[in-house]
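So you can see what is in the structure, the chains are spelled out below.
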Amino acid sequence: MHRPDLDNRRLTLLVGATVAAIALYFVVLPRMPEAWRTPGSPELYLMGVTGAVLLLTAASFSIAKRGRGLGSPVAWFAAHVNLACLGSLCIAIHSVGYMRRPPALLILALLGLAALGVWARIWGAKRMAATLGTKRPGFAAPDPALRARLQALIEQKRDLLTRLDPSAEEALFSPNLSHWLGHPLLALAYLRLVREEEALIGVRESVGRAQAWWRAAHLALAGLFVIGLVIHVVTVTFFAGYVADGGEIYWWHLTKW
Amino acid sequence: MSRLSLMLDLERCIGCKSCEAACKQEHGLGPGEFRNRVVWLGDENEAALDFLTVTCQHCERPACLRACPVNPKAISKDPETGVVSVDESLCTGCGECVTACPYGAMGYDPRGHHAVKCDLCSDRRSEGLGPACASVCPGRAISFGERSDHLAQAEAEGRMVRDHDSFLLGPATVYLDRIGETSNAAALPERRRPAVVDPPEAQTAFEKNGAAFPYGLPREDRKPDRVVPGSCTLCFNSCSVKFHFAGEKLVKVTGNDEDPILEGRVCPKSQHTLQMYHNDRRLTQPLKRVGARGEGKFKPISWEQAFTEIAAKIGPLRESEPEALGIFAGTRTGMITIRGFIRLFGQMWGTPNVETTDPFCAAGKNLTYQLTHGANGCGNSYTDDDIGSAGMYLYIGDNQAETRPVYFGMVNNWRVKNRTPMVVVDPRFSATASKADRWHAIRPGTDMALGMAMAQHILANDLHDKRYCEDWVEGWERWRDFLDEEGYTPDWAAGITDISAEDIRRLAEEVATADGCVIFCSRGVNQHTNSAQTNRVLMFLAAITGNWGRKGGAYMNMSFAPELWANAPEQRRAEIRKPKIRKSPAGWTEAMIQGKPYSLKALIAGNNPMAQWPNQERTREAFKALDLLVHIDLFQNETSAFADYVLPAAPAIEAGDIGRACDDRRIVWVDRMIDPPGEAKPDSWIWTELGKRFGFDDVMKDEYKDTALFWDQEMINHPTMNGVTQKRLHSTPYRWVRFPVTSETADEQETLFLEGTTAAGAPDGFRFNTQNGKLQFWTEELDAKFRTMGLSALPSFYSEREQLIDLPYVQIEEGDDADGIVSPFYPNTLAVPGRIVSPNEETPGRKLRREGYDMELVTGRPPAPHFHSWTHYFWQSQEMWPDLYAQIHPDKAATLWLEDGDRVRIETSHGDIEARAWITPGIRRSSIFVPIGWGEKQPYHPWRSVNFMTDKTQRDPISDQTNLKTLLCRVAKV
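Chains as they are written, first to last, in numbering that gives the first Met the number 0: chain R, 0 to 256; chain W, 0 to 973.
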């Protein structure tokens, strides 16, 4: 079976090429035409829009893999990385290295996302591989009190599931995109129970912190990035006056609030 | 269908990791990638060792499945069988399943970035087979079937099933707890994994140095189209295996499930030999040294040039001093080469200096088996009726679980099934000891005292088998009286052995009263300066209790050497002008350096003496002094670096050979199945071609490069081997014949030397192959021989000269440069007598203790995946046990501020090495154990050989065996 995996070598090359391209851009930046040194110029505005679209598409991997029939999750992952690299390059160019205003936080978020992603793929993968055989609590003598609490939780989940997805079996169920779209509150409630069960089992404590939390951190950072991106688009489009802070408004906008 | 599952028996698992190897092989898994793992678990406070096989539990509520964020999920559960599997094409590699599984049973492919997991070998199941892990397990610790059947079987056998459903996940896998554990509060989860076992950091070496075919290949490319039975040729278990080929490529090595005895059991290293046949580091053409000795600089040359130049260099020796050529062979060289081609070459050349690793491993027991009953080993077999029927198993200095894991798996299986008592006497709590009812942490080098005291107690209390002694033992009364006169009682031995007199008496009584006791001994007894006498004492112990020549009772010191010898016609043998320098090659070094007792100028080594010979500093000096060193091997190693010429050899299926000499007399044939890589050639070819340069080809015929032909025509001329023909070997699907068989149609014998039988090759009615058909304890003739060497046929106690307490030891009168005398024990071989010395102010042990050498160094074999140096070229053996380690007691470690896994320096008065500390209460407080096999030129995790610390001068005057087991040392944190 063919599996379109992005191997470590290609990932390293891709990320390295992106970093090199950004570095090259900043080297030649002083010699670039004025328009390529002004973030809001039509050229860089378009660059920003392109970057945002690419990154949002990359972020949609998270949704696509949860939605049945939206293509191969592995191909989506490869697209996620490729688009993220390309989008990051566009955003870096769009920023012209201007780091003293709040949008710079988006650049930092991108850096964090990239760092977490690369770590997970290259180093985290080794930790995941080395996890087999390292957990002992599963083989410990059962604690009746814990089992009682878990039994109660399972009952709660089963009860909730009759409303969230009556055809589903608790033993094999976790909410997917359709559940989140159809019954977001029930899905959230179910997720809370899942987290509670994980806490009782000690799932996150069973591995090292980095391995336990990198994905949560990656998702959280991606969420913050998307929110920041929306704020940035809204402010430059509708609050151009606020963004210009008394200066010239030279970018496309709708209102000057 | 009911839920399918594995049943894992913690009592039967011996920690060999064969299941890991089988799983990796079956599924083409690479470094760091696992679907199952055998976790070694020790304890910080008590001597304990458990082996927990972690694999998918196929839960009713699989946490992994629920954690998978992909839709449809990459993990699914078969509604009929309950088998949980992963669809790698859907997995994005987020690792949530790995985190979610509380059993730590999810695997992950770190290169392919996806989850991997046990699916109970769905591909094999579709072909009607069971999981690969269960098919190979030496201990039958893994069984596969319906869960309900497992539970019923456990109940029927009175075994406790571990409740490990702490989190209401409904695991299907059944774990049978250790026998004797009364509740699920057993300590398993609190046990600690030693830092040196499966360390993740070891993976870096494989990233740098790669892993070999066929790992990572798609299943369809690994699908075999032909299967050929044969033998593993690595160790003394001589397991029958099957070689699976896709076209001309070997793609899999499995146990031979058609073998009626071994039934497909096989250890990991047999399976790892796949990496011997597909290995980028294999030597593929002859090399000639161009740098300094030891520097390792070579240029490739043709075979023609190699032979021409070698012949030109050794040719002149043949005329003037043929004995100046030495030949050293051993483990790697192969039985047919050693006993056939090298023997013929040596006979026609005219050198007596041909030797193997025997004097480092087994010379003491080989010699004394001959002295005592006139044959080369024990006559028992690993069958239900024989060893399986024993009333007791006693292991002294034999860690069979790691040295012959398949045999031990069988013994342990019988132990569990029949509830047979097992006692282990060993300075450390080995894998073997972990299965025993009792472990006695004996002081190394004092097994003779234990044996004497047990025998004295038995004889003094009339617990011996009187009829057996009267009928079948020569000189037993004399020995009984001698034990009494010398006062070799349990009270006397207690202070020497560190085993209480009460325990010695108890052990003696158990052996005497058991309905058959198999006393297993091995290198722990052999590798001492008292090797011959200790072996004799323990043989006598077995004999007086009737455990010799019966089913279920034996003295089993591993491997029965077959009488396989090719011989050149008398008229073609060159005159041997001088006796052999010494039995042990360790005694050849002064001949190389000083030319005394006479010069040894050239050496052809088919093995790795730069890791094996004791006192490596002196060995290297000696090798530098040689005019010519030719090294024949598979890989470049420490010896290659010193060689003038390195010749690329070919093992087993590239050559055609038999397995090693094994415990139960099976000769297992392996056909030549594939060509060697590049220009590499079988040893038979190399020796034949070299022989041609000296006109030996009328005897070492070209057609004999076909080893099967050579076998039939030259190798099986001894009466005990006449029936082991190619025809007979090929008449079974498992390719072995158990000798002795005097003709092609003669029946094999399960147990030799039974009362009422005649020993093979002995006069009618002679039960044993001795002069009078009786076991020989003491005769005048025997005593005269011993006295020639300064000892007596009635063994007096002595131990090693480097001990933490004052004990008598043997002092060899002169060094290896002395002419000595011709040994009465080995034909035409020089030896130097010794004398037993009582400790005094000048005793070496005392002096060393004053200098701060405060620990006993014990060396020995590493765990099952390794054997000598060649497995260190197999990435998978190295992945399992990468680093040289030193087992050390926590009390000692605390004084050195050592943490588990720290690097330590171990120093004897002969040299030092470094290793990683394995802190365990499973060793005497005063001992440190370091395994053999590592070398500084190995590709993945190189470490200096333990033989930098050993001493070539400490040898047994009788057998010339070197003491490798008791040397005073001191340890420091690096």
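These are computed hints drawn from the structure, not numbers from a lab.
There's no promise every hint is true.
[Said to hold, decoys possible] Calculated cross-link-like contacts (lysine to aspartate or glutamate; reagent style EDC-like; alpha-carbon spacing at most 20 angstroms):
1. W:LYS595 - W:GLU569
2. W:LYS207 - R:ASP6
3. W:LYS296 - W:GLU812
4. W:LYS465 - W:GLU509
5. R:LYS156 - W:GLU59
6. W:LYS595 - W:GLU812
7. W:LYS207 - W:ASP279
8. W:LYS296 - W:ASP890
9. W:LYS416 - W:ASP464
10. W:LYS287 - W:GLU688
11. W:LYS248 - W:ASP224
12. W:LYS784 - W:ASP470
13. R:LYS125 - W:GLU206
14. R:LYS125 - W:ASP224
15. R:LYS125 - W:GLU200
[Stated by the list, open to error] Sample of chain R residues lacking proximity to chain W, with all beta carbon distances greater than 10 angstroms (derived):
16. ALA22
17. VAL26
18. SER59
19. GLY123
20. MET127
21. LEU163
22. ALA170
23. GLU197
24. ALA211
25. THR236
[As the list claims (entries may be wrong)] Far from chain R, by Cβ distances over 12 angstroms, these chain W residues were calculated:
26. ARG36
27. GLU59
28. ASP86
29. THR91
30. ASP148
31. ILE178
32. LYS296
33. MET334
34. GLY760
35. GLY772
36. GLU779
In this text, a Cβ means the ideal position worked out from N, Cα and C, and glycines have one as well.
Worksheet item: Going through the earlier hints one by one, which of them does the structure break, listed in rising order?
Response: Violated: hints 1, 3, 8, 9, 12, 14, 19, 20, 22, 23, 24, 26, 27, 28 and 29.
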